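Residue 626 in this note's numbering is what sits at position 390 of the sequence shown, and the numbering runs on without skipping anything.
Simulated from the structure, these hints should not be mistaken for lab results.
Since the model is a prediction, treat every value here as computed from it, not as a measurement.
We put the beta carbon where it would ideally sit given N, CA and C, even for glycine.
Possibly wrong hints are sitting among the right ones.
No more than 30 angstroms apart at the CA atoms, straight line, and that leaves these computed lysine-lysine pairs for DSS-like [claimed, not checked]:
{"id": "1", "residue 1": "LYS643", "residue 2": "LYS391"}
{"id": "2", "residue 1": "LYS376", "residue 2": "LYS238"}
{"id": "3", "residue 1": "LYS667", "residue 2": "LYS248"}
{"id": "4", "residue 1": "LYS391", "residue 2": "LYS420"}
{"id": "5", "residue 1": "LYS386", "residue 2": "LYS538"}
{"id": "6", "residue 1": "LYS451", "residue 2": "LYS391"}
{"id": "7", "residue 1": "LYS386", "residue 2": "LYS667"}
{"id": "8", "residue 1": "LYS451", "residue 2": "LYS248"}
{"id": "9", "residue 1": "LYS590", "residue 2": "LYS248"}
{"id": "10", "residue 1": "LYS451", "residue 2": "LYS595"}
{"id": "11", "residue 1": "LYS353", "residue 2": "LYS248"}
{"id": "12", "residue 1": "LYS667", "residue 2": "LYS420"}
{"id": "13", "residue 1": "LYS248", "residue 2": "LYS391"}
{"id": "14", "residue 1": "LYS376", "residue 2": "LYS353"}
{"id": "15", "residue 1": "LYS590", "residue 2": "LYS391"}
{"id": "16", "residue 1": "LYS391", "residue 2": "LYS376"}
{"id": "17", "residue 1": "LYS238", "residue 2": "LYS451"}
{"id": "18", "residue 1": "LYS238", "residue 2": "LYS248"}
{"id": "19", "residue 1": "LYS667", "residue 2": "LYS643"}
{"id": "20", "residue 1": "LYS538", "residue 2": "LYS420"}
{"id": "21", "residue 1": "LYS643", "residue 2": "LYS451"}
{"id": "22", "residue 1": "LYS248", "residue 2": "LYS376"}
{"id": "23", "residue 1": "LYS451", "residue 2": "LYS538"}
If you anchor each label on the Cβ, the simulated ranges turn out as follows [unchecked claim]:
{"id": "24", "residue 1": "PRO480", "residue 2": "GLU586", "range": "24 to 34 angstroms"}
{"id": "25", "residue 1": "ASP422", "residue 2": "GLU327", "range": "38 to 48 angstroms"}
{"id": "26", "residue 1": "VAL649", "residue 2": "LYS590", "range": "40 to 50 angstroms"}
{"id": "27", "residue 1": "GLU586", "residue 2": "LYS353", "range": "44 to 54 angstroms"}
{"id": "28", "residue 1": "ARG351", "residue 2": "GLN469", "range": "53 to 63 angstroms"}
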Amino acid sequence: MKTLLLLAGRSKRFWPLAEKTLFPVCQTNLLSVQIERLRRAGCTDIVLVGGAHNLPQASALFPPLPTIEQEDLNLGMRGALLSALPQCGREPVLIICGNDIVDASAYEQLLASSREKGVAGCLLAQRRERYFPGGYLQTKGDRILSIVEKPEEGKEPSDLVNIVAHVHNDASLLLTALQTTHTKEDDGYERALASLFPVYEYRAVVYEGMWTAVKFPWHLLAFKDLLLAEVHQPRIHPSAQIHPTAVIEGPVVLGEGVRIFPHATVRGPCVIGRGSLIGNNTLVRDASIGDHCVIGFSSEVKSSILGHHVWTHMSFVGDSVIGNNVSFGGGCMTGNLRLDEGEISSAVHETPMKTDLTKFGTAIGDDCRLGISVDINPGVKIGGGTFVTGHLLLTQDIPDRSYVTSKGGQLVVSENRVHPPASAAREGAHKKL
């Protein structure tokens with residue numbers, strides 16, 4: 237059975253961060269975790285289906301795997317499958333969305349159900365007590381009648397949420413349904429399924445294990461927690477340097493060349509990438525720190541994900557996701573808790589969206605510079621390539637490549653015409669610390 241791992245989405249909802257399947261978390265990424273779990277479930281014939289924006293990077297990580305480039309990214313899953321299915325003939329296919337992480341046992345359960353007599357296909361699903369902004373299955377027994385995409389809260393047809401791990405026992409049937417579905421929207425795959433359900437028996441396979449869906453930036457925090465939960469023992473690289481007064485507590489992973497300075501505390505579970513520096517009087521806990529980062533004097537990084545080449549100085553970064561090549565000036569603070577301790581919202585395409593979190597700080601894109609004493613309200617995000625001058629409070633999302641200052645007590649957001657130094661240009665300063 238071929239496994240089509242779909243990666244072609246352009247991660248628009250993931251703004252201000254870059255490609256979600258490749259974002260570094262705990263020295264790995266979504267794509268690597270997906271492939272490892274699929275292989276554990278016995279799926280060895282894996283094909284990567286991506287776009288020109290991410291397929292070269294994905295292929296470089298896994299050069300032995302065959303790849304298919306989606307021709308029209310505007311067609312969503314339908315476009316990916318129109319590009320991939322002609323190579324599958326009439327054989328069975330397993331279709332996996334690159335955003336959804338489940339246990340290997342889920343794939344085993346799905347594949348076993350798909351082998352039952354008379355079944356044309358199976359869709360993985362999970363019961364949810366709280367509303368989830370996804371597709372809900374309408375069923376009769378375990379036979380699927382329809383999928384209702386993003387129903388209004390309170391009007392769900394069932395409590396079964398669709399997970400995009402689908403088996404089609406005859407790829408040609410699905411291909412024909414997709415070819416005869418005409419829509420300019422990105423729901424072509426769902427419409428094709430709707431044409432198959434009345435004619436062929438598709439079953440819901442109810443899965444009760446772990447499921448992490450990564451669609452928005454804050455979803456990476458749950459993915460980080462999943463990976464940290466698998467760190468049970470300290471793993472210290474022989475080249476790591478730890479000052480005698482520093483405290484390393486619990487399951488902590490220190491990569492090659494990591495330096496821990498006097499009176500620093502690293503409390504696990506925690507993963508710190510190669511060449512990173514944890515400065516004097518710092519506290520790092522429940523966090524993923526990328527390669528060549530500098531957590532400077534008196535900084536705290538709590539329950540956050542930092543990409544590569546992130547620098548802080550007397551800063552607090554809490555429950556946040558930070559891209560690559562980002563610098564925090566002295567005294568920067570990320571607010572991560574509302575005054576009423578309620579659920580935090582964050583804008584998606586300028587529309588407020590509930591995050592299902594009571595603690596969420598910020599998400600910051602690549603190549604940003606924050607001046608001294610910049611404060612960020614909970615849920616506010618900063619686009620890539622942005623410079624923020626000192627002593628500002630950010631209460632709204634900042635677009636990509638912005639220059640942010642203030643005039644008369646009001647934020648002034650203009651185009652940033654200054655390019656930040658590349659991360660490689662900072663290596664000299666890093667080595668002098």
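Report the numbers of all earlier hints that the structure fails to satisfy, in ascending order. 1, 3, 5, 7, 11, 12, 19, 20, 21, 22, 24, 25, 26 and 28
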